[in-house]
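Going line by line, the protein sequences match chains A and B.
In terms of the working numbering, the first sequence opens at residue 1 and continues consecutively.
In terms of the working numbering, the second sequence opens at residue 1 and continues consecutively.
Don't take each hint at face value.
[Stated by the list, open to error] Pairs of lysine-lysine, DSS-like flavour, derived with a Cα cap of 27 Å:
1. B:68 - A:172
2. A:73 - A:172
3. A:228 - B:288
4. A:282 - A:39
5. A:386 - B:68
6. A:166 - A:73
7. B:154 - A:172
[As the list claims (entries may be wrong)] A few chain B residues that face chain A, going by a derived Cβ cut-off under 7 Å, partial list only:
8. 136
9. 268
10. 276
11. 366
12. 397
13. 424
14. 467
15. 471
16. 479
17. 522
18. 525
19. 555
[To be verified] From chain B, some residues computed to sit far from chain A (all C-beta separations above 10 Å):
20. 226
21. 291
22. 355
The hints are simulated quantities; they were obtained by calculation from the structure and are not laboratory data.
Only a predicted model underlies this, so the values are computations on that prediction, with no experimental measurement involved.
Just so it is clear, CB atoms sit at the ideal spot from N, CA and C, and this is done for glycine as well.
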Amino acid sequence: MNKQFRFRFAALALAMSAGVAQADSAVIDNSFYPYQAEKPAFAGLSAGLTINKANVAQFKDIIDPAFYGFIEKGWLDMQVGETTSFDLHPNYVEATRQGQDKVKLGAKPGEIEGWVAGRPFPQEPDANDPRAGEKLAWNYKYGYNWGDSAAISPFYWKYRDMDSAKVERTIKFDFHFLNFTGRVNQQPLPAITPNPSQLFRGIYVKVLEPYDVRNTQLLIHRAEDDLKRDNSWLYLGFQRRVRRLATGQVTDAFLGSDLMIEDFEGYNGRISDMNWSYKGTKFLLMPFYNHNDLTLDSETHKDSDGYQVVAFAGQGGCFPNITWQLRKVYEVESAPVEGSHPLSKRVHYVDAQTFTVPRTISYDRKGSLWKTFTIGQAHPDHHLAKNKGSGVSIDDSFSMIDVQAMHCTTGQFKGQVDPAMSKPEMFSVQHMRATGN
Amino acid sequence: MQTRIRKSLKHWTLATLAGAGCGLTPLAAVLADEEMQVTGFVENATFARDSVGLSKFRNTLQVNADRKFGDLGQLNFNNTAFHATFRGTYDGVYDLNSSEYGSGAGGAIELENSVAGNSVPHGGGLTVPGTLLGFDQARNPNEGMIVLGENLHKTRGGVAFGVPVRPCDKDSRGCIDDYLDASSDDLRFPEFNERLDFIRELYADFDNELPNGDILSWRLGKQQVIWGRTDLFRVLDVINPVDYSRNNIYDELEDIRIPMWIAKADWRMGAGELFDDLNLSFVWNFDKFRPHNLGQCGGPNSILDAACFFRGMNNLWENGGTVANFANGNIATDFGPGQIGIRKAHMPSWSLSNTQFGIKLEGVYGDFGFSLNALTYRSQLPSLRGGIPATNAFTGETAVWPSLIAFDIHFPRVNLLGGSMDYYSQAIDTVFRVEVAHTEGEEFANTLQSRLFSESDVTRYVIGADKNIFIPLLNPGRAFLFSAQLFGQHIHEHQEETRALGKVGMPDWEQNWIGTLLVKGWWMNDRLSPQLLAAHDFKAQATAIAPSVEYLFSDNLKITAGANIKVGRGAREYDDCRTCNPWDPFTSAGQPEGMSLGLSGYEPLGRFRAGPIGMAQKEDELQLTLRYSF
Numbered sequence: 001m002n003k004q005f006r007f008r009f010a011a012l013a014l015a016m017s018a019g020v021a022q023a024d025s026a027v028i029d030n031s032f033y034p035y036q037a038e039k040p041a042f043a044g045l046s047a048g049l050t051i052n053k054a055n056v057a058q059f060k061d062i063i064d065p066a067f068y069g070f071i072e073k074g075w076l077d078m079q080v081g082e083t084t085s086f087d088l089h090p091n092y093v094e095a096t097r098q099g100q101d102k103v104k105l106g107a108k109p110g111e112i113e114g115w116v117a118g119r120p121f122p123q124e125p126d127a128n129d130p131r132a133g134e135k136l137a138w139n140y141k142y143g144y145n146w147g148d149s150a151a152i153s154p155f156y157w158k159y160r161d162m163d164s165a166k167v168e169r170t171i172k173f174d175f176h177f178l179n180f181t182g183r184v185n186q187q188p189l190p191a192i193t194p195n196p197s198q199l200f201r202g203i204y205v206k207v208l209e210p211y212d213v214r215n216t217q218l219l220i221h222r223a224e225d226d227l228k229r230d231n232s233w234l235y236l237g238f239q240r241r242v243r244r245l246a247t248g249q250v251t252d253a254f255l256g257s258d259l260m261i262e263d264f265e266g267y268n269g270r271i272s273d274m275n276w277s278y279k280g281t282k283f284l285l286m287p288f289y290n291h292n293d294l295t296l297d298s299e300t301h302k303d304s305d306g307y308q309v310v311a312f313a314g315q316g317g318c319f320p321n322i323t324w325q326l327r328k329v330y331e332v333e334s335a336p337v338e339g340s341h342p343l344s345k346r347v348h349y350v351d352a353q354t355f356t357v358p359r360t361i362s363y364d365r366k367g368s369l370w371k372t373f374t375i376g377q378a379h380p381d382h383h384l385a386k387n388k389g390s391g392v393s394i395d396d397s398f399s400m401i402d403v404q405a406m407h408c409t410t411g412q413f414k415g416q417v418d419p420a421m422s423k424p425e426m427f428s429v430q431h432m433r434a435t436g437n
Numbered sequence: 001m002q003t004r005i006r007k008s009l010k011h012w013t014l015a016t017l018a019g020a021g022c023g024l025t026p027l028a029a030v031l032a033d034e035e036m037q038v039t040g041f042v043e044n045a046t047f048a049r050d051s052v053g054l055s056k057f058r059n060t061l062q063v064n065a066d067r068k069f070g071d072l073g074q075l076n077f078n079n080t081a082f083h084a085t086f087r088g089t090y091d092g093v094y095d096l097n098s099s100e101y102g103s104g105a106g107g108a109i110e111l112e113n114s115v116a117g118n119s120v121p122h123g124g125g126l127t128v129p130g131t132l133l134g135f136d137q138a139r140n141p142n143e144g145m146i147v148l149g150e151n152l153h154k155t156r157g158g159v160a161f162g163v164p165v166r167p168c169d170k171d172s173r174g175c176i177d178d179y180l181d182a183s184s185d186d187l188r189f190p191e192f193n194e195r196l197d198f199i200r201e202l203y204a205d206f207d208n209e210l211p212n213g214d215i216l217s218w219r220l221g222k223q224q225v226i227w228g229r230t231d232l233f234r235v236l237d238v239i240n241p242v243d244y245s246r247n248n249i250y251d252e253l254e255d256i257r258i259p260m261w262i263a264k265a266d267w268r269m270g271a272g273e274l275f276d277d278l279n280l281s282f283v284w285n286f287d288k289f290r291p292h293n294l295g296q297c298g299g300p301n302s303i304l305d306a307a308c309f310f311r312g313m314n315n316l317w318e319n320g321g322t323v324a325n326f327a328n329g330n331i332a333t334d335f336g337p338g339q340i341g342i343r344k345a346h347m348p349s350w351s352l353s354n355t356q357f358g359i360k361l362e363g364v365y366g367d368f369g370f371s372l373n374a375l376t377y378r379s380q381l382p383s384l385r386g387g388i389p390a391t392n393a394f395t396g397e398t399a400v401w402p403s404l405i406a407f408d409i410h411f412p413r414v415n416l417l418g419g420s421m422d423y424y425s426q427a428i429d430t431v432f433r434v435e436v437a438h439t440e441g442e443e444f445a446n447t448l449q450s451r452l453f454s455e456s457d458v459t460r461y462v463i464g465a466d467k468n469i470f471i472p473l474l475n476p477g478r479a480f481l482f483s484a485q486l487f488g489q490h491i492h493e494h495q496e497e498t499r500a501l502g503k504v505g506m507p508d509w510e511q512n513w514i515g516t517l518l519v520k521g522w523w524m525n526d527r528l529s530p531q532l533l534a535a536h537d538f539k540a541q542a543t544a545i546a547p548s549v550e551y552l553f554s555d556n557l558k559i560t561a562g563a564n565i566k567v568g569r570g571a572r573e574y575d576d577c578r579t580c581n582p583w584d585p586f587t588s589a590g591q592p593e594g595m596s597l598g599l600s601g602y603e604p605l606g607r608f609r610a611g612p613i614g615m616a617q618k619e620d621e622l623q624l625t626l627r628y629s630f
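Based on the provided sequences and hints, a complete structural model is requested.
Right under this line is the structure:
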């Protein structure tokens with residue numbers, strides 16, 4: 001190889017490398033900052049608009065079919081807000097950059113290789129990729145979600161009759177979340193050690209009210225290995241004893257609510273339990289808002305820092321009184337692998353920027369609409385002061401509506417991104433015994 | 001009365017000191033802006049029993065107080081918290097059904113006299129001139145009594161005697177001081193007693209962070225300490241005694257464990273290289289000893305009917321009495337005081353050596369949870385030890401007589417080693433629970449021994465399985481809980497022989513098993529929950545079936561309707577020591593002194609073969625409970 005040729009070859013390699021770097025950067029920017037260049041728009045839609053029974057037909061293309069039906073029936077009026085960017089924490093973005101192109105799906109659904117932290121597959125989904133839906137599911141599972149740790153304290157669940165609007169039951173919880181691996185922000189990074197069972201995430205729940213379930217505690221250990229089922233323990237206040245739980249029945253209603261255990265956060269099962277398919281990218285009205293700008297519920301929760309929870313309104317009090325903004329979403333369908341599953345499929349509307357799942361529609365085995373799940377997302381900079389700058393899209397309200405039973409369960413959160421509230425020792429079986437009474 | 005008040009004040013002082021010892025008082029200023037959480041409930045439980053009528057009209061007020069103090073840096077106390085539970089109960093059954101359970105209970109009785117094919121009144125049994133057989137009926141009149149075991153079985157050729165059943169302030173006969181001596185108010189208001197049972201719990205929690213990051217968690221005060229993984233029956237969960245008088249074995253243990261003053265420390269090592277969680281727990285029960293509350297004869301719940309046996313026996317010792325079918329195995333016989341019966345209960349006094357200590361190592365290893373347990377404690381069940389000096393009814397000599405049915409009650413020290421394990425099988429989505437305890441020092445009735453008891457090592461174990469199963473036909477949205485358990489008990493030094501008239505030795509089965517099954521479902525968003533609980537004692541051939549339905553009207557108001565039905569064989573027979581020949585040659589049928597020939601009846605030892613389910617065969621109930629919580 002002569003000198004001239006060597007020089008040309010090196011220049012070509014450098015140029016190619018710069019091009020790749022630019023391409024990688026564009027992928028990251030596109031994934032995490034989709035509204036940087038331009039915000040989405042739709043004819044006739046503007047912030048402050050109320051969509052109701054009278055004008056909903058005009059916006060059919062930007063409302064998911066279940067919600068469209070609700071507005072058409074007059075069950076709620078939808079308030080439109082401005083599209084805003086929910087920037088995730090820069091460390092999560094950087095972890096994605098570091099891991100870019102190093103993550104691969106394994107041979108079977110539920111297997112993944114090379115992931116350390118961040119979003120595993122930041123590239124736009126490819127409709128021709130048969131495993132595109134599965135990649136989006138992984139992005140959700142390893143999403144920034146509640147960050148490295150957080151608490152919902154307190155968390156009010158109300159069981160409501162949708163016809164009479166009667167609140168049948170109110171349960172007050174504390175929820176705590178902790179990521180053992182994939183940590184990007186809170187020390188230690190990137191993982192809590194020792195971690196002999198290779199746990200990915202811990203969830204700890206304590207029931208505060210009412211009396212009959214008070215002091216019930218639930219601990220869930222989720223392994224990094226998606227093929228492994230969770231290990232769960234239950235502390236029953238009236239027994240004062242920790243029981244290990246069988247966790248296979250994830251379609252069981254949680255404490256009698258309208259949520260299956262599998263419904264939590266949009267999807268709470270194993271990736272390998274579903275066949276995932278990517279159905280397309282859309283712009284839809286989604287429940288993203290600034291908590292502090294809302295008219296809040298002044299009755300349910302009062303505390304010394306003046307925080308109030310999201311109010312509910314509409315048919316049966318089943319709809320969060322929030323604003324909705326036009327956002328980029330991925331429509332993903334999950335169909336159970338097991339034929340005995342009570343659902344035929346779920347349709348998830350995954351927010352492209354945050355990879356939260358604010359809207360899910362569930363269909364029964366006959367294919368009829370059964371339940372719809374809404375998780376309101378609050379911007380962290382317009383919430384509690386301690387959440388400002390956390391880069392967490394705050395789960396702030398939820399509504400699971402069983403349209404067949406005309407019943408719903410609503411959730412009102414005080415989400416707190418505060419590592420002091422979710423210390424690792426809290427996620428141990430002994431903690432349940434030590435604090436139970 | 002003054003004595004009682006003084007005693008009460010003494011206990012109050014102790015309680016206050018203990019509270020102060022928990023380190024709370026000096027911290028009051030720090031805690032001024034913390035909020036106390038107060039919760040509780042009022043409850044009415046009304047039960048009706050077959051052929052008896054009202055068997056419970058229990059009204060309960062329970063108040064819980066919780067206060068979190070957080071971290072108190074200057075003391076290195078983290079997560080400091082305080083908890084108190086106060087409970088007061090009034091059971092109106094002693095007033096509303098006083099002819100069964102209160103001041104009007106019992107009556108005049110007759111005792112079987114098979115030799116003549118008839119019965120004789122209490123005091124109408126055999127007396128022999130020139131002997132000390134016979135008793136003063138003025139001290140032990142034929143009133144306010146039942147025949148031992150009459151609620152379950154007829155005498156049918158066995159032994160029986162009269163048992164006073166009225167509260168001890170109405171009739172003190174057979175009341176054993178400091179053990180089974182409840183007055184009307186003690187029965188009506190069971191928590192308001194010398195031990196201040198209305199303070200069910202009063203403890204402080206705090207953590208100390210150790211230099212290596214481990215945590216030392218403390219709980220100091222009156223509390224329940226729960227070991228083990230099983231429901232309904234206890235294998236490792238033996239630290240607190242149990243109040244069986246509340247509802248036999250059927251109430252939640254949380255409500256019937258008797259809290260004790262205990263210091264508990266947990267060294268929480270957390271996750272390590274091998275274990276997901278590891279904890280070493282130390283338990284020091286420094287409270288004055290308390291046995292199980294077995295109920296009182298004349299009350300609706302007397303597990304194994306033991307309290308009636310004890311009261312009748314103590315009455316025989318104190319006052320003498322008529323024993324059915326005794327002499328010659330078929331003649332009702334009048335014994336004098338100090339000849340047979342129970343003399344007294346030796347209640348362990350408070351001393352350092354009488355306190356109880358336990359250690360538990362507990363951890364999680366992946367899909368396995370485990371514990372290793374060791375405990376030295378006092379048996380909470382009584383042991384009847386014969387061999388006390390008694391009067392020979394024929395000679396008047398006072399001496400220790402072999403195999404004489406004259407006893408003192410003791411609570412022997414017991415040492416326990418055990419362990420437990422749980423495991424989640426992903427393959428069949430089922431949780432398995434195993435628990436084993438091996439004890440040494442327990443004592444059992446044994447008619448082969450001259451003191452009529454012997455000590456034996458005992459192994460108890462339980463295997464349980466929990467599984468949630470969907471039955472779409474019944475409920476497509478909510479799985480049913482199926483929980484099954486099999487308890488086993490093996491008495492290692494079991495002794496039994498067959499003699500001319502029957503088996504003699506230890507009436508407890510050498511090996512026995514009890515199976516339980518719980519099926520629970522939920523409808524209407526968990527506001528309606530029926531369940532079926534069943535327990536079967538294999539050797540006793542006795543089964544209890546307890547269906548119930550719970551309905552939540554609101555977050556505050558709950559109603560529970562249920563039944564408790566027993567089926568099976570009921571009373572069982574065993575050697576009753578009529579043929580033990582303690583006073584040779586007067587009581588001999590040709591056998592050597594102190595040797596039983598095995599003549600058997602239902603009383604008194606058949607209860608150990610019938611077990612708690614078999615002995616309650618005639619206690620079918622309908623139960624209704626209303627609870628308003630706040």
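**Asked** For residue 291 (chain B), is the shortest beta carbon distance to chain A beyond 10 Å?
**Response** Label holds. Min Cβ-Cβ 22 Å, cutoff 10 Å.
**Item:** Status of the hint placing residue 397 (chain B) at chain A (closest C-beta pair under 7 Å)
**Value:** Violated: closest Cβ of chain A sits about 55 Å from residue 397 (chain B), beyond 7 Å.
**Item:** Agreement of hint residue 555 (chain B) with chain A interface, Cβ distance less than 7 Å
**Value:** holds (4 Å)
**Asked** Holds or violated: residue 282 (chain A) with residue 39 (chain A), Cα cutoff 27 Å?
**Response** With a Cα-Cα distance of about 13 Å, the restraint between residue 282 (chain A) and residue 39 (chain A) holds, given a limit of 27 Å.
**Item:** Per-residue hint verdict: residue 471 (chain B), partner chain A, C-beta under 7 Å
**Value:** Violated: closest Cβ of chain A sits about 12 Å from residue 471 (chain B), beyond 7 Å.
**Asked** Closest CB-CB distance from residue 226 (chain B) to chain A, is it above 10 Å?
**Response** For residue 226 (chain B), whose nearest Cβ neighbour in chain A is about 5 Å away, the distance does not exceed 10 Å, so it is violated.
**Prompt:** CA of residue 73 (chain A) to CA of residue 172 (chain A), is that 27 Å or under?
**Reply:** violated (31 Å)
**Request:** Tell me if residue 268 (chain B) is really an interface residue toward chain A, meaning its C-beta lies closer than 7 Å to one of theirs.
**Result:** Nearest chain A Cβ about 5 Å off; hint holds.
**Request:** Take a quick look at whether residue 166 (chain A) and residue 73 (chain A) sit within 27 Å of each other, Cα to Cα.
**Result:** holds (20 Å)
**chain A contact restraint for residue 276 (chain B) - C-beta distance below 7 Å** = Residue 276 (chain B) check passes; min Cβ-Cβ to chain A is 5 Å, inside 7 Å.
**Asked** Is the shortest C-beta separation between residue 136 (chain B) and chain A less than 7 Å?
**Response** Because about 51 Å separates residue 136 (chain B) from the closest Cβ in chain A, which is outside the 7 Å limit, the hint is violated.
**Request:** Please verify that hint: residue 525 (chain B), Cβ, nearest Cβ of chain A, below 7 Å or not.
**Result:** Holds - the Cβ of residue 525 (chain B) comes within 7 Å of chain A, reaching about 4 Å at its closest.
Going down the numbered hints, you'll see the structure goes against 2, 3, 7, 8, 12, 15, 20, while the others check out.
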